[in-house]
Amino acid sequence: MTDPGLVAALPPYEAELERNQRSAVRNAALIAAPLLLAFSSLDRAMAPQHFWKLLAVRLAAVAGLLAVARVSQRSRPIPLTVCVVALLCGTIEIGAFCTGGARSPYITSNIAVLAGLCIVIPLTAPQAVVLQLWGLALAILPLLLRVTAAD
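Residues 1 to 151 (the working numbering) make up the sequence shown, in order.
In case anyone wonders, no lab produced these hints; they're calculated from the structure. Predicted model, so just to flag it, every value in this text is computed and none were measured. The C-beta atom is built at its ideal place from N, Cα and C for all residues, glycine as well. It is possible that some hints are incorrect.
Taking CB as the label site, the calculated pair distances span [claimed, not checked]:
{"#": "1", "residue 1": "112", "residue 2": "63", "range": "16 to 24 Å"}
{"#": "2", "residue 1": "53", "residue 2": "23", "range": "31 to 39 Å"}
{"#": "3", "residue 1": "100", "residue 2": "130", "range": "27 to 35 Å"}
Please work from the sequences and hints to get the whole structure.
Written out as structure tokens, the structure reads:
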């Protein structure tokens, strides 16, 4: 039995959510970093002539992900999540341009990235919509600027 005179003050939902988001953004960035490097083996098979350029891009993105993980506990989580999406989808987009543009098999990887982040990071519905639109814009708009009749 608890004493009815004791009242436990719970933090507001938004504060609890933000704390959980910070932790999830850090974990997502730390999980994504080695996975991003693992894609280099796919680059070696799909675009051997661009392998070193793609490796440099992936290493730069890994450095960005590690920086996000480092500052995640003292920064706002949603801007950091937007940075994670930009790093991952941007890297995939560069790989797509090196492996066929609009016909590249890399393009579908953006969907997996967005789905994975939305599973790992607890988001409100408006946050999820903004994140999805941002990721889709990064995946589609650059391709639309370079689309040809053959595509």
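Cross-check of the supplied hints:
At about 22 Å, the beta-carbon gap between residue 112 and residue 63 stays in the expected band of 16 to 24 Å. Under the hint 31 to 39 Å, the C-beta atoms of residue 53 and residue 23, about 34 Å apart, fit the expected range. A hinted range of 27 to 35 Å for the beta carbons of residue 100 and residue 130 is consistent with their spacing of about 29 Å.
Hint check: no violations occur; every hint is consistent with the structure.
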